[in-house]
Each structure stands twice: as C-alpha cells, then as structure tokens.
Amino acid sequence: MNLTRTWTLLVRQYFTRAPKVLIAFALCWQQAYSAAEEPLPVLRAMEAELTRSMQGLGTAKPAPYFIAYSITEVSSTLISASMGSLDADVTTKRRVLDIDLRVGGHKLDNTRSIRGVAFEMGRGTRGVEVPLTDDERALRTVIWSATDKAYRSAAERYGKVITNLQVKVKEEDSSADLSQEQAYTYIEQIRPLWFDTTVWRERARRLSGMCAGREHILTGRVTFQAENLVKYFVNTDGSRIQTSEPIVKMFVIVKSKADDGMSLPLYESYSAYSADRLPSMNELEADVQRLLNLCTKLRTAPLMETYTGPAILSGRSAGVFFHEIFGHRVEGHRQKDVNSSQTFKPFLNKKILPDFISVVFDPTIKQLGGKDIVGAFLFDDEGMPGKRVVAVDSGVFKSFLTNRSPIENFPHSNGHGRRQAGLKTVARQSNLIVEARSRVPYDSLKAMLRSECIKQNKEFGLLFEDIQGGFTFTGRTVPNAFNVQPLVVYKIFADSRPDELVRGVDLIGTPLTTFNNIVAAADDIGIFNGVCGAESGGVPVSASSPSLFVSTIEVQKKQKSQAKPPLLTDPTVSTAGGQP
Amino acid sequence: MMRTLLLAACLAATSSAQQMSEQEIFDAMQLEMQRSMRDLRIGELPAPYQIEYILQIRHTVSLHAVQGALEDLDTGTRAVLTVRMHVGTPKFDNTNFFDVSLGFFGSSDDEEGYKNRLVPFELRPELLRRELWLASDACYKQAVEIYSKKESTLKNRTRKDTTWDYRIAQQYTRNDAGSNVYRPDVEQLIARAQSLSSVFRSYPKIQASRVGIEVIPKETFYINSSGARSHKIECSAGIEVIATTQAIDGMPLAQTYAAYARTPVEFPNEDSLTRAVSSVASVLTQLVDAETIEAYSGPVLFEGQAAGCLVGQFFAPNLVAQRQPLSEGGFSTNERTMAFQNKIGARVLPEFISVSAEPLTKSFNGISLTGHYKVDDEGVPAQHVELVKKGYLQTLLSSRVPTKRIDSSNGHQRGGGSMFSVISFNSVDAKKSKSSVDLKKQLLRLVKDRALPYGIIARLGMDQNLLFTGVFRQTGTDLPISQGEGKLGLLRAYRVYPDGREELIRGVEAAGLAPSIFKDILAVSKHKHVHNFLAPSVVPSFISGGAAYVQASIITPDILIEDVEVRPLEGDMPKPPVLANPIAID
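Quick note, the sequences are listed as chains A and B, same order. Heads up, the first sequence is in this note's numbering, so the first residue is 1 and it goes up one at a time. Heads up, the second sequence is in this note's numbering, so the first residue is 581 and it goes up one at a time.
So that you can see chain A by itself, here it is in the shape it has in the complex (with noise of 0.2 Å):
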C-alpha cells in the first residue's frame, strides 16, 4: 500500500532536552545570494574523497560510474511553550552525509528497481553523521568508511537488477536511471542570522499562557522553531554547490474534548525564512484567542453527518486539497514505480481541470501575495536548479514534476529532487500555486453555493474555512482516494440562514472526479505552508489557491476517541466549581 502521508502541521512537538539560556543565538542565513566565494572545508574533504574513490574504486568490478556527496548540516533550535511555562528549549546541531554511488551506467544502474520484492534488506548508506568541526582529515575519514559501505551495496544490489530484468516482463517505463545533466558551481556565502531567543520565550510563554485557567482547554501551546540546513554537495559530473536553507516556524495548538470524546484540536502555523517576517505580537495574540473561542465553540458544535453535496474549500483548504490530490500524483518517480496508479500518466497534454485553472510548482519565487511561502529552494538535492513547472496549463496536463531519474517523455530533471537528510532523493512537490484565470468575489462564491444548493435540493452546502492535513493512496492495490482532514466546518444554508459551525467529518474523494466538479474561483489567495512528509521524509512545501467552489464534494465520519474527558475538574480553573 502506497500511503503518502503529508502535511505535518506541527513538527515534533516535543525534542527530548531542552536548554535554558537567554542569549540570542545565530543561524547562517543567506539573505542575498553572492557571487561565488571560497568554499568551506567540508566542501574540500567531500571533493578529495570524491576523487580519490573514482580513481581508487575505478578498476573494481563493477565499478562506479557516477558519485554524488551531500552533507546536511542542521541547526534547529526548538522553543516550546505550555500553558504558559517552557517545556522544551532544544539546541541541536548534526551533519548528515548522504552517498548517491552508482554502478553500471546512466541508462542502467544498481538503483533500477527490482520488481516482485516486498521488501529490500539493503545495506547501503542511510545517513551518516559526520563530524561538526570543519576537520578535514576527520570528515574523510567518516566520508571514505561510509564509501566503501556504499559502493559494497552498489555492486551487490547491480547483480540483483540484472538478474530481475531477465526474469521480469519487459518494463512499462524503461527510461535511463540517470539523466545526463550539465554541472553545476555555486558558491553561497554562510552569514549568520541573529534571532533573540529570549524573545521567543517570552512570546511561547505569553501566547500560550492565555490557555491557562480556560475551562475545558487541555492543551494549549505554542512552539517557535528555527531551522537552518546548510547543504554541501559534490558529484563526479563536476558539480560543488554549497547553499543554505533557513526556515522559522511557529506553530500554535489549542485542543479540547467534546462531552463525547471527541479530541478537537486546533492548529494556527506560521512560517516564514526570517523570524522578523513571522506575524507581530498583536497578530499572534489575535490568532490564539480567535482559536480559544473557536475551540469552546466546537465543543458544543453538532456532530456532522456522512454527506454529499455542494462546498467551497477556502483558499488554504483548496491549497491542501490539491497538494493531495494532485501534487503527490504528479511527483515523477511514481510514474516508473510498478505500483503506482499513475494517475495522471495518460493524461499528458489533455484535459484534466476546468479551462480556467492552472496549476505550478515554483521552487524559485520565496513571496506570495507578501508573504512567505517555503518550498522555495536554489538547488534541488541531486544539485539541479530548482525550476518553475507549469503542471497544468489551462485546464490541460503538461508536466510531472522530475528529479533525475528519468521518465517516459522527460529526460530530464526540473529541479524537484528532495530529501530529508539521510533518506534517498525522491521527486517532490515545492510551492504549488493554483492559477485562476477567471475569478469572482468571495461573496458571489457564498452565492453561487446557495444557488447549487437549491438546485440539488440539498438544505445546506459546506464551507471547509480551515484544514489541519490530509493524506491520500497512490497505490494500485487500495482505491486512489484521498482524504483531507478539516478543522473548521460551517454548514450554509440554501435558505440564508447563518452559517452554522459543525464537527467531525472528514472530505474525502478520487482525484479525477473530483476535478471535474470544480465549478468557480474567487479572487483570494489563501497560503498553506507546511512540512511534507513521504517516502524520502520531510520537506517544506507550499500550496496557494484561491477559494474554490466545488459542486459536489463527500465527507466521511471522523476518527473519534471514546475517552472520556477528565473526571475531576480542572484544579486551575477557579469557575469550575468542584472542590480543588
């Protein structure tokens, strides 16, 4: 089963240390990308191993046609908050090296894969931490263990493919395993970006020191998390790219439980590449009281039935929707996996949206609509530049996204090889922007509903105003549906009576039927940012949409706890009556 779980909202809450300190500590951070400068150490320990493995592994048999380095250096500082105190304070730093060393040739190599196999018991590099200090003679020490490793796994797992496409059918996508691609140089300059901590421990403490003594809150915190990876890579076509990548995140949850047991969480992120772009105090504080009211609100709510019907997805939500439905389908590698539905594959160059929409991946703008949207990136993991794709052009599909792993009529890569450190590079999605020629105003969506409404002989539509995530199957062996997991529901009624806040169900659907009934666009922008999580871990992404009106949309019951809430009352809660 293909289950491509994304959009984690809220990154490890929890870090097992945490330090206390109240000083401002630094994260590199490259704000302007410079001219080409010395490279570090690291660089130079990655490009001497790199050579002496191509020369020295060069008369073994097989022997390595193609060697990639890449180390990830991660510094996270994590600063969380409950219900007023800290509760973790996490400074770590780590190096990760990765070894992409291939076998064979660029039309075959040791990483085709070997169909009819549950499950591979590889020994290959996953992931290895090296050394901090820039330590030349150390880091190639760690560098040419973790090669041998790596080229053992190689030739080991070259026997295997050979064999495999003997006995196998001939392969639906027998494209190269490797794309021929020009070298890249690129130099950035690592300055160091001051953040104070010891403001955002005050902010965590105070944002979410207002859940404190609030009837039926049981959770309230409020997490800021600055994330800086400084990615080294070298590889034997001739490429040495040193680049950083920063991210601040905050993330606010604020959870209850209905008298039915039904956990209802609600979750506000914010993510930006600097912590001056993150909303003001002002803004943050408006946003954890409009969650604190909106959490009391939904304990009370009326449970959702199963239903069928007219909605709209609200910018954010139609963003998610498409990330699911969409995005994770398009990502090319599936296109080669034997298990994969494939989806849009025989969709190329036809219709799949309505005329008015388009849909890209741009990893090289940074802002939208002012604001930051973070799947924005200079080169991808395989040292590709990141490259605007148009997916789909006017209602019609044009591209997959590609790393470089080739497919059937794309050569080539377009920039869209990421990873996790440690985790093997995959094609993943970046901003994902939804276009919309034509658009009305927000109102007029509301009005549109209401006619659908009335013409389905339905009493209400939905309004899905925000979502917390979703997931969907890729997979041939399980039907290709997805869900996406709401937080905040309103039913609107044909009749106009006011909209109604309701809990519990979840959208789910298929992908091509539910495109078909994308009827209209308003003239918003709602912007998603996340972390997405797949097979080759967890990376930052966007998705930006306008509102969208959908004719017919299903939900399903949600998932609910049959814990009770707590017995006793809360003893900080003063009202609650009880004796404390």
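Simulated from the structure, these hints should not be mistaken for lab results. All C-beta atoms in this analysis are idealised placements derived from N, C-alpha and C, irrespective of residue type, glycine included. Just to be clear, a hint being listed does not mean it is correct.
[As the list claims (entries may be wrong)] Computed footprint of chain A on chain B, listed as stretches where at least three residues anywhere in the stretch have a Cβ under 8 Å from a Cβ of chain A:
#	stretch
1	700 to 707
2	998 to 1011
3	1046 to 1052
4	1156 to 1164
Guided by the hints, dock chain B onto chain A, whose structure is given.
Okay, now just chain B, sitting in the frame of chain A:
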C-alpha cells in the same frame, strides 16, 4: 563561529529550570494526590488505594567526538512526570497484570499520558497541579480498566498463586534540598572528548571510532499516598569509547572502553583515560593481524572487566525477585533471569564465595560505585542484603511487589521494577583467594591436567549497553557478535601457553554461560575490580514502563572457571575496504 554557537547551546545546561521551592512542589503534589484519592471514581469500579507521583527534572549534556572533532552536542532540560496508581486492595489490585494491547501499543483513544509525561520544566504550582490532574485522570481510567480485565481473566482460571499484589511499606522521608544540582563544564567535556578521540588519528588500521560523554544531573521528587516523600539530587556520568575495524580476512572487530561515575569529577584522570583509549586503539590494531582459534572447551580465567561482565550479565540478574505478571491470551515474558526464584536455601556458588547487595556503599578502593543509592524508587530506604552466604542463596532483592518467597521490600525498586544495584562477590576462604600470578599458575595446571595446548584468559567482555547503543551503530549488521542466551563476546582474550606466554586472539565468544556455571568457580583473585555499567533492567521496560537501563556496580575478583566453551565467530565476513583509510596516505 561554530565554536561560539556550540558554546551558546552548552550554556543552556548550566541554568536552573525549576522555579518552585521544594515545599511548593510537594504541596502541589499533596493537594492533587488528596483530591485524586478522595474523588477519582467511576461508578462501582474500585477506587485508588495507593497513588505515587514521581517528578523528575533532568539536565542533560550529551556529546560525541570522532578523530579529534566534535560530532554532535545535545544539551537540554526536561521534566517528566509519572503517576502510578493501585486500585482495589493490596490483596488484589490492577498490578501484576500485563495488558498486551495497552502494554505494546498504548491506547488508541488520544488519552493524556501518565508515564514519563513531558511537563513544563518552568514549574508553577497551578501548572504542576494541572499536569498531575490530567495524568492522574488518565492513570486511574487505565488502572480500573486493567483491574477489570484482570478480574475477568481470572474468572476463567483456577488461580493457585494468591500472593498479595502490593505491600504498603514503612514511610520514609529523604531530603536533599541542601545539596546542589551538579553543573557540568560543557567546554571541558568537549575538549576531553576531542582530545581522547584524537588518539585514533595515529591508528590508520582502525576504520571507525567514537568517544561519547554524557552527564545527566537530575532531581527527583517522589510522594505517595501512604506518606512517603523524597527529594533526591543525583547525577550520572559516563565516557564511552568504541572503535571498530576488520581483520585481514574481513572479520569485524571491536574494542570498547567505558567509565561511569556520579559526576565527571570522578572520571579517571586525563592520563588514565588517554592510556585506556590508547590501549583500545593499539589492541584493536593488533587484532587486525591476530589469529583466531578453533572451538575450545577448558578452563578460562576471567579478569577485571570481563569478570564484571560475566557476573553482571549472567549471575546478578537472577538475584532479583520477580513475579511473572498475569496476562490475557497466554502471553508470557522471558524467564531467562528467573533461575534463582525457587532456589532460596540452595547452593548457587562454591562454598567459599558469599555475595551481598550493598547499595549504601558509595565507593570501593577509591572508585565511585554508580549503583549506589540511599532510597529506592518507591521511597523505601536502601538496605544491604546478604544474598549468598558461603555458596547458599539466602534471599533475593525485592520491591513492594510481593512474590511467593519474598513478602516485603528490601529497597531495590529501581528504574521501574526490582533491580540489583551494587553486587559484591566476596571470598570467605583465604586458600581460594590467590594472587594474579598464582591464579594464572592454577589455570596452567588445569591446562596441563587436561592435556590442552593452551588455556584462555578473558580481559574484556562485550557490554550489552555498548553493543546496542554504540557498536552496532558503527558496524551495522556486519558484526556477528554474541546476542543469544548464554553468550558473551570476548573482545580481549588471550591464549596462554604452558610456558606462560600470552597471545592475543580475535573473534571469540564464551558460550553456554548459565547461572549454574558459577558453581564451578575454582578460585578467585585476592584483589577485586569495580565494574560500573548500565545494566539492562531485569523487569523489561515494556512491562514496567520504566527505564531500559539502570546504573549498577559489580565488585568482583578475577574468576577461574573449570570449564567454559569458547568458540570463534563463524560465517561469511564482509570484505575489507577497497581503499586505504585516508589518514594512512596523507
């Protein structure tokens, strides 16, 4: 820049996390405990009769260095809360029952946590009460559910064991409030790790090496509804060195060194540590070209750390009173450490050896005993216990969970279940206690008597903690090291020829090591060695919900055993690296 950033992080570990006074913490715990005892009820389901709250605040510094360079550094403060609750009566309650579903997979109902629940380390009275409230609620609901399952399970069984489930013990108060929480000098620790790991830069035959240092100062607040309370301020520290390589024929090889202490101040001095690491490097380098042996059966002299490993892994765990929990569906736990449960009064050692548990002993021959403690994890004062007297088993180490043979606690609840702490092997017969030279002579006499070409001396055994947390990390699945029952990897072993000449051998393990083999101890040395280590919890952590490893100390002489099987590691070996280590060519 790097240095500045790292030190910024390090400083974090030096600040205090707790703002409430000891009295305020206990007051908050007491108030919520009283409320829980009084009000936690669901219909006719049983009420709690005993509640325990354990709040622990840990300040951790953990770092590793490779080839003289820092590899990682983690610092942080973490506060965790555990609630334990007994519902029913001491005669029959919710404990001593393992719910397979809840035990392995937890609740699927998005419930609040109550075991090692992460709580804010910036404590405030109302916040602490809130955390206690939520944790107590979740704990009570699960306790009554397990109670009912246990009751239902027993309705279909003819129960023979009517041992009570729990004993309310004597109340005790311990207060360490006057002590200070240890504050490690992180910069010094980094320098030490880098300096020690740089030793390996001169050994090109070694493929991978790593020096790790961890220091964990912690404060524990314990309170129970029977009136016991303790405030413990402790610290644990360790240096672990692991180096691995391959022999010419590809056989994976490893050497380890570990020093555990209460604080880094008690570590061996810089020269001793450097010598120890140099020894790891040089012995491992020698092992590359060393020979291995054919299967051997004969006398083996376990010296120093190897003797500690032998006792710590194959004898001491059996000294803990254990009770097989009931469970649904016939699930049963491992019985490999239950050899002595029915042996009280029986001979388990030669008559010239006695064994005692000495948790109150702080040091031996100037070496800190990391297994030392004053009050156990249930608030019961630690007790010295004479376990084996002149070879005969007297009693077992116990907690407040009674077993058929042991009814009351002798203060050995640690990490989540009953556990050994400081175990001392003592010879009571001067004739059987020999100098090292005489012990080796006795080994050679045995060799001669049995017409063997050589005997074996083991000086370094594979530590289980290091194997799983360090060695496997470096070797992956390549290392065919002993993991099965009754096996001990011998990392440093020597063939001793009749003329006294010693020869290092590689890739061997001692097999068939059962508790009964200790009855065949022929002689021991006069001098004794301290083996501090992280011992795997005897009661598995998935059952106890506690720690997987617990600090322990073995004080033991060198041990000569009449007959031990030693065999070479066999199987296909990975080939050695194609290219030379870069430090060999630069």
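Claimed coverage, the stretch 1046 to 1052 of chain B by chain A - three or more beta carbons nearer than 8 Å: violated (count 0)
Checking C-beta pairs, does the stretch 700 to 707 of chain B have three or more residues closer than 8 Å to chain A? holds (count 7)
Are there three or more residues in the stretch 1156 to 1164 of chain B whose C-beta lies within less than 8 Å of some C-beta in chain A? holds (count 6)
How about the stretch 998 to 1011 of chain B: do at least three of its residues have a C-beta closer than 8 Å to a C-beta of chain A? violated (count 0)
The structure fails to meet hints 2, 3 from the earlier list, while all remaining hints are met.
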